[in-house]
Structure formats: structure tokens, C-alpha cells
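Q: Start from the sequences and build out the full structure, keeping to the hints where you can.
Top to bottom, those sequences are chains U and F. Numbering follows the numbering used here, in which position 138 of the first sequence is assigned residue number 142; successive positions increment by one, without gaps. Numbering follows the numbering used here, in which position 341 of the second sequence is assigned residue number 345; successive positions increment by one, without gaps.
Calculated directly from the structure, the hints in this document are not laboratory data. Mixed in with the good hints, there may be bad ones.
Claimed, not checked - Result set (DMTMM-like, lysine to aspartate or glutamate): computed pairs, CA atoms no more than 20 Å apart in a straight line:
(1) K171/U with D8/F
(2) K269/F with D306/U
(3) K171/U with D16/F
(4) K269/F with D271/U
(5) K203/U with D8/F
(6) K269/F with D16/U
(7) K269/U with D16/F
(8) K203/U with D220/U
(9) K302/F with E360/F
(10) K343/U with E360/U
(11) K390/U with D306/U
(12) K269/U with D109/F
(13) K171/F with D16/U
(14) K269/U with D271/F
(15) K171/F with D8/U
(16) K269/U with D149/F
(17) K390/F with E321/F
(18) K203/F with E191/U
A quick note: this is a predicted structure, and the numbers were derived from the prediction, not measured.
Protein chains: 2
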Amino acid sequence: MTFDYTSFYRHDLPAPAMRWNGFPEFNFVGGHNDAACVPVDAFIAASESVLRREGTSLATYGLNSGPQGYRPLREFISGALNKRAGMKTGADDILVVSGSLQALDLVNAVFLEPGDTVIAEEGSYQGTLQRFIRAGVNYVGAPLDDDGIRMDALSDILDKLAADGIKPKYIYTIPTVQNPTGSVMPEERRLQMLELARKHDVPIFEDDCYADLTFDGTRPRAIHALDNDGRVIYCGSFSKTIAPALRVGFISAGWDVMSRLLAVKHDAGSGSLEQMVLAEYCTAHFDAHVANLQGVLKEKCDTIMEALNAEFGTAAEFRVPKGGIFIWVTLPDSVDTSKLAVAAAAEGVALNPGEEWTADPETGRHSMRLCFGNPTLDELRNGVAKLAEICHREFGVPVRSANVER
Amino acid sequence: MTFDYTSFYRHDLPAPAMRWNGFPEFNFVGGHNDAACVPVDAFIAASESVLRREGTSLATYGLNSGPQGYRPLREFISGALNKRAGMKTGADDILVVSGSLQALDLVNAVFLEPGDTVIAEEGSYQGTLQRFIRAGVNYVGAPLDDDGIRMDALSDILDKLAADGIKPKYIYTIPTVQNPTGSVMPEERRLQMLELARKHDVPIFEDDCYADLTFDGTRPRAIHALDNDGRVIYCGSFSKTIAPALRVGFISAGWDVMSRLLAVKHDAGSGSLEQMVLAEYCTAHFDAHVANLQGVLKEKCDTIMEALNAEFGTAAEFRVPKGGIFIWVTLPDSVDTSKLAVAAAAEGVALNPGEEWTADPETGRHSMRLCFGNPTLDELRNGVAKLAEICHREFGVPVRSANVER
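A: And the structure:
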């Protein structure tokens, strides 16, 4: 006899999860990273030294650092943000969180109520867009070009909202290695964005999770760094730079916002062993590690672009990513990428259909996001070839592939 | 110029957090544990072996184990539950979570809506009670005696709710080392509880976080183990057995509930390094570790009871805890422990006032929870002496202390 829970569940639960069946053979989804780049030996050394020195502090919640997270890690983060992103932030301004997803959850818990309005890029991170939907929030998609959000369009959106008497709670942006397009917003445009935010009295929520992974190793200063008003709340993560299975991200915010974030944070902190090992490792190795990772990811990006060109020819249009681990590919109007995703999944090829990555699902109908961080170079080539084959079979596109008429 | 966020915040935010100022000198709050018992050397060895063997899997979210958590850890957990608590559960029934707090959050997210009713012990974990308040849920406190919830009282509560047409969403209980009283519910009473739950068609949510820490090393089978219907959802944690700064706990539930928990879990998993090191360490050392920890905590418990008797005499009444890291002390009616907590905090003594640990705050007005896991034996003695001094000054109680008229 099995107890029937049906009548006990909330009335508004999402569909139950499916059982996990392992990773697909060709895995172009998820922010996975290059396995060979995980610094295993240095992690072992870092674990030993930090545990030997202060392992007994694991006996207390939050170590001896309080609810904002392990202080040496916050010192590293603020130092890296100052050096790499031009920010002026200190360890007291940093909140360590369990990945940038928790950064989104906490900021949203402080600001968003059902019926609120936010502005986000028209193509943006699925995890962010889904959170807006779950929060019952209206989000307005700001059009993108090769340099990120178009400022003329953002200005129009802000004007129109103001005319309608609507004040957005924030402008959410991923300006550096935009997700999913891989663009980098130039500094001049960041200043224009701040000017618009000032004019309309709106805060900015800057998500900089990929910012250390530009292929040329350079990046503009963070919007947070260019702001003098304290209107920018900033988040980042170690998921993409070090390892996604470590659930460590961070928020930089002043005490006004910080004190509110802490008041809605009910989890007794993020895993301390991970914070300790990260602090120990990153303080010594972060810059060299990401410099190497940039090169590895660039080679993977070049490889998947070559494969797309070879297999899809002119049927696949994409912006050349400036960094990161994904590429945004647009196929002809005859291809519905949500249907392609289903057909491909059945044959071991996983991809993100564009409708899940766009504020207006229709604008993503013929696009898809392909992640290239985790597959090997051969898997990238073979996976794209297999995807072209499936796409040709399902939609007659691409007609020609690698100069061979299909 | 500082941006003013006031009008952007949610209208219903809790009060902002205070800045953290370090731990108090005599810290009788929080589930901290004995620092010397953190197995530092074995953790270093476990880190090295597991990272050497499979550290590169950190490059993928969830390692290669999917959303329920690192499979070797789930294997260990299910094996330990079977061996130690008499449960029949497998790795597929285990969800690794970020401490038992996330277990509470996920179960509540699946079951509770505002206006719902739950039953909990009249004295219970503050984190649970606060979650009920935040969820807008009515909770009915079930009276306790030396063996946990009184079944005559629970029967009356269920009858009364039924007469009012109210079906509780679950009965929440900490049957093994009850928080805050430290009692252990005998197996016979567990069977009675299941019988009542069957009669009234109600699920049970069993929180077994302290169950490995009985001072005599024995424990009754879990309620989950005695149930044949699948009506018990079970959670546990490594916070108290290994180290609270590791944020790793677990839920055991069948696929019906598990698939619902996974569908409302949006965090991309718990920290994997902690899961890997725990699995490696616990598989080899868990039983010996907790056997040693039981002895260390028993000595601390004996020490704080001696200190309470010496300093407070008959003014302090307490049940002798059967295990765990806290003791529930009741003072004369003239003492308001919330006021005592404020006065004591000002002098470096932290305690949990009883009103925060009781369903009806009035029943806890004269009681307090003192945690003894983290302070040294000397700190326990000196902290209780200082507390008695402060209590005497503020409330004239205790009148006599250590045979010396104050």
C-alpha cells in the first residue's frame, strides 16, 4: 500500500521532474566546463594547506567569518574585482552565495513582487527568465546588437514605461560575454546605460558571471565600476572560471542592500570547505588559471564555429562570441529549434532551444544556444555533424553540408 | 551621492540584518560543534584521494550523478540509514541538500500554502517554526513529556482538527534527540504515532538531524523504518555529526515526493567538493567518528548540568538530554528569558530564549536553550557562572548559588 500524497501537495506545483539518465553523448547544454582545466593538483595542495591551518573552524557555522562568507575568500573576490573589473569594493561589500543562482534568488527576494516590471536583454539567461516567470514579474526585453543592449531601444523602453506610469524595479544585464550572444558591451555604452538609469532613477543589476573568460583576456570596466551613485548591484561566480560543481558565487552591494539580502537569506551559509579551498587556490593561481582557460575555450569556440560553417554552411548564422562557453546560432525560418531539440535529444545531442533563452519566445524560435565548454574538440566536430544530419532530416536544412549535397 | 533603494524594495521585507560582530565569549547558541572533533587529518586524506581519482568531474554541474547529488554519498547515506536507523532506503531515494534547512524549504515548497495547518512539537526547532510563520501556515503545538510528543494529546489534536474540517498537511517531529528537550521517543510510541497518522490519513515529516548523537550510542528505529505506507518523509544532516560549516544534509523520500522536490529545487545542486570529501571520509570513518563524538558531547553535557546545579541550584529545572548538543532549562516564573538574553548578550553570553523555540511563545517565556557542543569545559563552567550572576542581578534568581548567598 502506498500513501497517496496528491491531495497534500500545493495546488500550483510545476510538473514533476523526470528521472535523470546521465549526460547525452553530445552535450551542448549547461554551463559545464573543460574537464582537463580543473586544477586537481593545486586543489589538493590548497585543501591540505587550508585544512591544516584552520580546519577545526569547520565546527562553527560560517567558520569565524559571519553570514557574508569566509573572509579570506571575500578578500580575494574584492581584490580581483578591483584589479580585473576596475571596481572599488571591499570584503565588507561582498556576500558569498551558492552560485549566481542564489544571487538572483536573493536580489529578487529583496526587490520583486508579483506584477512588478523589470527590463532584461531580449535574449538572456534561462535561469533568470524562469525566475521572472515564477515571481509573476513582467519583463521587457531590450533589443541587442553586436555590442549588447542598444541604448536607443533602452531609452525608448524607459520612456514608454514612464509614460505608462511604470517604474521598473531594475535593469538586469549581462554586459560582459552576454548570455547567449557572447557580446561584450563597450565602456562608452556602459556609461550611456548609467546615464539612462540616472535619468529614469532605476537601479541596475549587473550579472558578470562570464566576465573573466574573454578570449583576448581584456574586458571593459564593470558598470559597477563606472557608477558613482551606488545604483549597481553586481554578481559573479566561480562556476565558469574554476568549476561549476563548486557552488560558489558572490554579490557586491553596499550595506543598505546587503543588510536586506542577509535578512532574506535563511540557509546558514554556503559550503565552507569549498570557500576555504577556493580562497587558498585563487589567491595564488586565479590569474594564471583563467589566462590558460581563455585559450582552451577559444580553441573550442574556433572549432565549433568551423564545424558549424562546414556542416551548416550559410544556413547557420551566428555572432562570433568574444568569450565564454556558448554560441548563439540562428537557423532558417523553416527550423523550429524546440522541435529540433526534441529530435536531437532522442539521438544523444542536447541543445538549448532559443525560445527558452528569449524574453519573447517567438524571437528565439529559430535560434539555439550551443555550449562548447565541456565537449572535446572531436565531440564538438562530431556533435555538430550529427546535429546537421538530424536538422537536415527533420527540416531539410542544411541543404548542402561540407560541400556534399545531402 | 547614494542611490536610495527604499521605494524599490518589496513592501513586506523583514527588518534589515545587523552587522556581524564575531562570536560572543560564551556561545550557548547555534548548532556549533566541538572543534577538536573535526577530523582534519582524515579530511585532508579524503580530499586528496577523491580529487586525485575524480577531481576532473568538478567541470560538470552535479558531477556525473544528476540532480539528486553525488551518488557515492547517496550510497553511503542510504547504507547508514539502513544500518543505524533500520530504514529500507536506497541511493535513488536520497536527495542531497544544502543542510537540513534546505530539506525544510523544499518539503515546505511542495506541501505548504498560506492558511494550511501543520502539527509540530510544542517546543521545536526555531528554524522550522520561523519557516511556518513565513509560509503563513498555522501550526499546532503538540505537548511533550520525557518521551517526546504525548500520544493522547496528539490524538486529541487530530480529532479536534478533524471535527473542524481541517486536514493538517503533515505532522513534523524530531523524535530522536528532540530539539530543544533532548528526549528520545521510544519505539512503542513511534508505532502509536504511525497508527494515529494512518487513522487520520496524514503524512509525517521526520527530522532526524541529531539521531546519531545519543549519548549511549543506541537509538530506536526511525519512524520511517516502522512505516509500511510510504507516509514518512525523512531528513537528516551531517552538520551535527561531522561539521556544521559543511552545508550537507539529505532527504529520503519515494519517487512521488522526490520528483516534486526536484521540480521546485532551482539551485543546481549542493557543493560537490563537500559531497565528495564527505562520501570518501564517511565511508571509512563515520561510525568510529560519531562513537567518539558521543563521548565528547556527553562529557560536555554532564559538565553543563553540573554547572547549572552548582550555579542555579533548584532555580534551574531541566530534563536530562539523551544526546545532542543542547539542554532546555526552565527558570522560575519571575525570569523572562528574552530579557535575560538581552542582558546576557551585552556581557558576552549568548543563549536562545525559550519563546523562539516554542509554538506558543508564552510556554517558553521562562525557559531557555543552552547549546554546549562548541564551548570548552571551562567555558561551559565559567559561562554558566556568569549567566547565573547576570540572572541574579536582573531577576533576583538564583537566590543562592554554589552554596554562597549572593
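Q: All hints, please: hold or fail.
A: Consistency of the hints with the structure:
Using a Cα cut-off of 20 Å, the hinted pair K171/U and D8/F holds, with the two alpha carbons roughly 14 Å apart. Taking the CA atoms of K269/F and D306/U, the gap is near 35 Å; set against the 20 Å cutoff, the hint is violated. A threshold of 20 Å between alpha carbons decides the hint, and for K171/U with D16/F the separation of about 18 Å falls inside it, so the pair holds. Restraint check: the Cα-Cα separation between K269/F and D271/U comes to about 14 Å, which is no more than 20 Å; the hinted pair holds.
Restraint check: the Cα-Cα separation between K203/U and D8/F comes to about 14 Å, which is no more than 20 Å; the hinted pair holds. Proximity of K269/F to D16/U is assessed by CA-CA distance (about 15 Å); at most 20 Å being required, the pair is judged to hold. The suggested pairing of K269/U with D16/F holds, with an alpha-carbon distance near 15 Å, which does not exceed 20 Å. A threshold of 20 Å between alpha carbons decides the hint, and for K203/U with D220/U the separation of about 34 Å lies outside it, so the pair is violated.
Proximity of K302/F to E360/F is assessed by CA-CA distance (about 25 Å); at most 20 Å being required, the pair is judged violated. For the suggested pair K343/U and E360/U, the alpha carbons sit about 13 Å apart, so the restraint of at most 20 Å is met. With a C-alpha separation of about 18 Å, the suggested pairing of K390/U with D306/U holds against the 20 Å cut-off. At roughly 12 Å between alpha-carbon atoms, K269/U and D109/F fall within 20 Å of each other, so this suggested pair holds.
A threshold of 20 Å between alpha carbons decides the hint, and for K171/F with D16/U the separation of about 18 Å falls inside it, so the pair holds. Taken as a hint, the K269/U and D271/F pair is honoured in the structure, with Cα atoms around 14 Å apart against an allowance of 20 Å. Restraint check for K171/F and D8/U: the C-alpha separation of about 14 Å stays at or below 20 Å, so the hint holds. Simply put, K269/U and D149/F have alpha-carbon atoms about 34 Å apart, too far for the 20 Å limit, and the pair is violated.
Between K390/F and E321/F the alpha-carbon distance is near 18 Å, which keeps this suggested pair within the 20 Å criterion. Distance hint between K203/F and E191/U is unfulfilled; the C-alpha atoms sit about 68 Å from each other, more than 20 Å.
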